[in-house]
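Trainee: One line per chain: the protein sequences are A and B, in this order.
Per numbering that gives the first Met the number 0, residue 0 is the first one in the first sequence, and the count goes up by one each step.
Per numbering that gives the first Met the number 0, residue 0 is the first one in the second sequence, and the count goes up by one each step.
Hints in this document: simulated from the structure, not taken from any laboratory.
Keep in mind that a hint or two might mislead.
Calculated cross-link-like contacts (lysine-lysine; reagent style DSSO-like; alpha-carbon spacing at most 27 Å) [said to hold, decoys possible]: (1) A:K399 x A:K383; (2) B:K255 x A:K415; (3) A:K35 x B:K423; (4) A:K423 x B:K155; (5) B:K351 x A:K251; (6) A:K403 x B:K35; (7) A:K423 x B:K423; (8) A:K377 x B:K99; (9) A:K381 x B:K99; (10) A:K332 x B:K160; (11) A:K99 x B:K99; (12) A:K332 x B:K99; (13) B:K99 x A:K13; (14) A:K97 x B:K377; (15) A:K374 x B:K407; (16) B:K381 x B:K407; (17) B:K99 x A:K383; (18) A:K35 x B:K97; (19) A:K255 x A:K155; (20) B:K198 x B:K221; (21) A:K255 x A:K236; (22) B:K351 x A:K305; (23) B:K251 x A:K415; (24) B:K155 x A:K415; (25) A:K35 x B:K377; (26) B:K191 x B:K201; (27) B:K332 x A:K35; (28) A:K381 x B:K221; (29) B:K396 x A:K251; (30) B:K374 x B:K407; (31) B:K415 x A:K155; (32) B:K236 x B:K305; (33) B:K221 x B:K199; (34) A:K179 x A:K155; (35) B:K160 x B:K255.
Simulated restraints, written as ranges between beta carbons of each label pair [as the list claims (entries may be wrong)]: (36) B:E358 x A:P329: 18 to 26 Å; (37) B:N326 x A:Y240: 25 to 33 Å; (38) B:F30 x A:G158: 21 to 29 Å; (39) B:E420 x A:T324: 38 to 46 Å; (40) B:N250 x A:G158: 48 to 56 Å.
Predicted model, so just to flag it, every value in this text is computed and none were measured.
We treat Cβ as the ideally placed atom computed from N, Cα and C, and that holds for glycine.
Protein chains: 2
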Amino acid sequence: METKVKKLSLEPYKGTRDFYPQDQFVQNYIFSVWRKVAESYGYLEYGASILEETGLYRAKSGEEIVNEQTYSFTDRGGRDVTIRPEMTPTVARMVAQKRKELTFPLRWYSIPNLFRYERPQRGRLREHWQLNCDMFGVDSIDADVEMISLAYDMMKAFGAKDGQFEIRINSRKLMNALWKYHYRLDDQQAYKMQKLIDKKDKITNFQEQADEICGFPFEFVKSEGIVEISAQQPFIKDGSYQFYQVVQKLNKAGIKNVVPDVTLMRGFDYYTGIVFEMYDTNPKNPRALFGGGRYDDLVGIFGVEKISGIGFGWGDVTTRDFLETYNLLPEYKPLIQLYIAHLDGYVEDANKLAHYIREQGINVEVDLTDRQVSKQVKTADKEKIPFVLVVGEEEVKSQKYKVKSLAKSEEKLLEKGQISEFVKR
Amino acid sequence: METKVKKLSLEPYKGTRDFYPQDQFVQNYIFSVWRKVAESYGYLEYGASILEETGLYRAKSGEEIVNEQTYSFTDRGGRDVTIRPEMTPTVARMVAQKRKELTFPLRWYSIPNLFRYERPQRGRLREHWQLNCDMFGVDSIDADVEMISLAYDMMKAFGAKDGQFEIRINSRKLMNALWKYHYRLDDQQAYKMQKLIDKKDKITNFQEQADEICGFPFEFVKSEGIVEISAQQPFIKDGSYQFYQVVQKLNKAGIKNVVPDVTLMRGFDYYTGIVFEMYDTNPKNPRALFGGGRYDDLVGIFGVEKISGIGFGWGDVTTRDFLETYNLLPEYKPLIQLYIAHLDGYVEDANKLAHYIREQGINVEVDLTDRQVSKQVKTADKEKIPFVLVVGEEEVKSQKYKVKSLAKSEEKLLEKGQISEFVKR
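With these hints in hand, go ahead and build the complete structure from the sequences.
Mentor: This is the structure:
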């Protein structure tokens with residue numbers, strides 16, 4: 000019983016991607032570098048569902064995100080649900096839930112996919128994958144230093160050089176002190192300025208809007224200026240001290256491409272301390288590769304005792320752009336090592352041999368078609384599989400197989416027990 | 000600027016799961032076995048977005064699934080979208096899209112998460128992860144045999160024994176011939192019977208409903224009966240021949256726990272040939288672990304030339320139940336190998352040492368708190384990290400470190416260049 004069908008689209012849903020094996024290969028490469036470095040620092044992997052109740056984001060992500068950018072809907076049981084736009088609220092919820100059983104400090108990572116309803120453009124899609132690394136239960140700025148060092152080591156593991164990227168850093172604590180004691184704004188003005196600065200690159204009349212919010216001609220303080228202002232105001236001093244100490248400690252640990260930047264804000268409402276973002280120095284790739292910060296009050300929104308947190312998110316889309324720009328992506332190689340073709344009537348023998356070789360740790364694909372042997376071998380070639388052999392009457396009788404290396408065009412007659420060794424070396 | 004917040008739930012969304020590191024460990028174990036065996040057969044990984052346009056499922060998944068069981072909604076741009084309830088329509092779409100560039104036959108796998116709106120119960124949640132293995136472009140039943148062999152090898156790789164599971168197998172082609180030539184039902188009656196049989200375990204009045212659809216007392220044919228009926232009717236013979244040949248070939252390849260079962264139907268409308276499911280032989284775990292079949296007309300619904308396909312899906316929830324039942328899950332072990340504690344003021348030295356040891360391929364966690372050393376060491380113990388060392392004045396001076404094995408309570412004084420070797424062995 001067929002349902003009459005309109006012409007179906009062959010495209011993925013707008014702003015999302017299909018990952019064909021060659022794309023998935025790149026994706027897996029990026030994930031594997033992230034995983035390896037995160038695990039080398041002792042971060043443990045966790046995971047969660049892509050659906051959460053909408054209230055979770057209302058609390059602290061920021062109004063714009065929930066009202067304009069999320070995929071939210073009501074489920075068949077009347078619950079308001081959202082496809083996660085970010086992972087931090089989820090991890091804070093998980094930490095709050097099991098805070099009595101967990102051993103602090105916690106170092107956790109995950110590579111979730113996230114959704115934002117946006118106009119797709121370079122470096123920005125509706126769905127992307129994002130490495131999230133978070134640490135809970137450490138108040139000291141050594142945590143801030145580790146977070147940035149970890150991300151830096153990941154850049155190095157990708158093969159990036161210092162001159163190709165820079166880490167910009169700011170402090171919400173410093174900014175809050177500046178709003179209050181330097182610019183003398185009230186809370187509402189300060190919040191509006193924070194939001195305005197966050198979107199300054201997307202608007203054309205930043206200065207005009209800033210002046211209107213402040214009621215005077217707004218001007219960013221210069222780095223040198225902060226030192227001077229700090230000398231007179233203890234809260235500003237407090238914020239800037241912490242801020243410069245992080246930069247200093249990073250420099251001492253060999254990380255020199257860190258740039259203080261009071262124009263760096265980040266979109267989420269929950270940040271309370273250091274915030275940072277990493278940029279390609281190439282102006283053609285103007286999006287942040289990763290960003291994060293300290294959010295000491297987030298776990299507390301669940302009505303439990305406060306647990307300090309810090310973390311970052313690092314998207315796959317901008318990373319891929321970066322690695323392509325600097326030619327840092329590995330060449331595609333299938334994981335298949337040996338292709339077995341067969342003469343008509345010998346597919347069961349081919350399967351038996353494949354089974355035997357697989358048990359020795361080799362990935363073997365068997366051609367199951369009844370095409371000519373030459374066509375079968377051509378398939379292996381197109382798929383870039385390095386070795387191929389043919390099973391037929393002669394091979395079954397002699398129990399010897401000609402294994403051909405496609406790259407080197409060499410051929411060797413081997414017993415079945417020798418094949419895996421030959422393929423491995 | 001705080002938004003006033005109602006009490007936020009600590010629980011994940013109904014019918015979904017949080018994966019704390021120990022749960023993620025199990026999940027990663029299951030995925031790694033799937034991956035390893037799939038890759039050993041030459042299957043390549045692909046991926047896609049969890050959102051698809053709703054029309055994709057209207058076409059062939061079956062009305063009940065789209066109307067009652069999917070998470071569907073209209074996006075902010077007016078598009079009808081669905082969170083995927085299954086992966087097969089997506090992979091068929093991807094194959095149809097790039098059919099001109101792809102090298103057939105294709106062997107592909109993916110481990111997507113899927114959503115169904117259902118009442119959560121044992122073995123059945125709203126979100127689950129599912130291995131999908133598919134082959135495109137092979138008409139011969141050798142593909143059917145490989146699919147089932149692949150799944151069987153995965154069960155073996157999990158450590159399952161033949162007596163613990165059985166593979167039930169049926170043929171839609173055989174069933175269609177039986178409906179028409181044996182039961183003499185029209186297309187509509189046949190479709191209704193197919194749907195009824197699919198849900199027979201969830202309803203109490205199967206017989207009553209079956210009799211009503213057929214207009215006579217319905218009785219399943221017995222296996223022996225099929226042979227007899229086949230002798231008289233060529234289409235039934237055709238269906239049953241193919242069906243028994245698969246069983247025979249599997250037996251010949253050493254897979255004996257295959258059971259022909261004319262009551263096996265599967266829910267999707269798109270199957271055209273062999274269908275199969277794998278069951279725990281333990282009646283306490285009555286859900287299928289995996290199921291699949293041949294769907295030769297699915298790629299064609301996109302208005303392109305026909306490409307035959309066959310595949311299966313294998314869920315993580317029932318798998319975890321199975322592995323727990325038979326005690327086949329590995330014990331939890333963190334990936335962290337060494338924990339570095341430190342005396343007050345020596346955190347930078349600890350970090351420096353950690354950096355050095357990480358470069359030798361060891362996963363090292365540094366305690367960044369200012370707690371007493373004994374408390375820091377206790378954290379390592381709780382986290383089950385096998386080795387620990389402390390950095391303080393003495394260690395920095397002598398450049399020698401006491402590395403303690405927590406399991407064996409042994410301790411060794413080592414230079415920094417010797418630590419990674421000691422931890423690795």
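Trainee: K155 (chain B) and K415 (chain A) were given as a pair; does the straight-line alpha-carbon distance stay at or below 27 Å?
Mentor: 23 Å, holds
Trainee: Mind checking the hinted window 38 to 46 Å against the Cβ distance between E420 (chain B) and T324 (chain A)?
Mentor: 39 Å, holds
Trainee: Need the status of pair K251 (chain B), K415 (chain A): alpha-carbon distance at most 27 Å?
Mentor: It holds: about 21 Å lies between the C-alpha atoms, which stays within 27 Å.
Trainee: Does K35 (chain A) sit within 27 Å of K332 (chain B), going by the straight-line distance between their CA atoms?
Mentor: This hinted pair holds, its Cα atoms lying about 16 Å apart.
Trainee: Could one say that the CB atoms of F30 (chain B) and G158 (chain A) fall in the range 21 to 29 Å?
Mentor: 27 Å, holds
Trainee: Take a quick look at whether K381 (chain B) and K407 (chain B) sit within 27 Å of each other, Cα to Cα.
Mentor: Holds: K381 (chain B) and K407 (chain B) sit about 15 Å apart, inside 27 Å.
Trainee: Taking only the CA atoms, is the gap from K35 (chain A) to K377 (chain B) under or equal to 27 Å?
Mentor: 26 Å, holds
Trainee: Keeping to a limit of 27 Å between CA atoms, is the pair of K374 (chain B) and K407 (chain B) held or broken?
Mentor: Status holds; Cα separation ~19 Å.
Trainee: Within 27 Å, alpha carbon to alpha carbon, are K377 (chain A) and K99 (chain B)?
Mentor: 16 Å, holds
Trainee: Is the hinted pair K35 (chain A) and K423 (chain B) satisfied, with a Cα-Cα distance of at most 27 Å?
Mentor: The hint holds at about 17 Å.
Trainee: Would you check the hint for K381 (chain A) and K99 (chain B), treating anything up to 27 Å between C-alpha atoms as holding?
Mentor: 14 Å, holds
Trainee: Would the hint linking K99 (chain A) and K99 (chain B) be met if the CA-CA limit is 27 Å?
Mentor: Measuring from Cα to Cα gives roughly 56 Å; hence the hint is violated.
The structure fails hints 10, 11, 15, 18, 22, 28, 34 and 37 (numbered hints given earlier, in ascending order).
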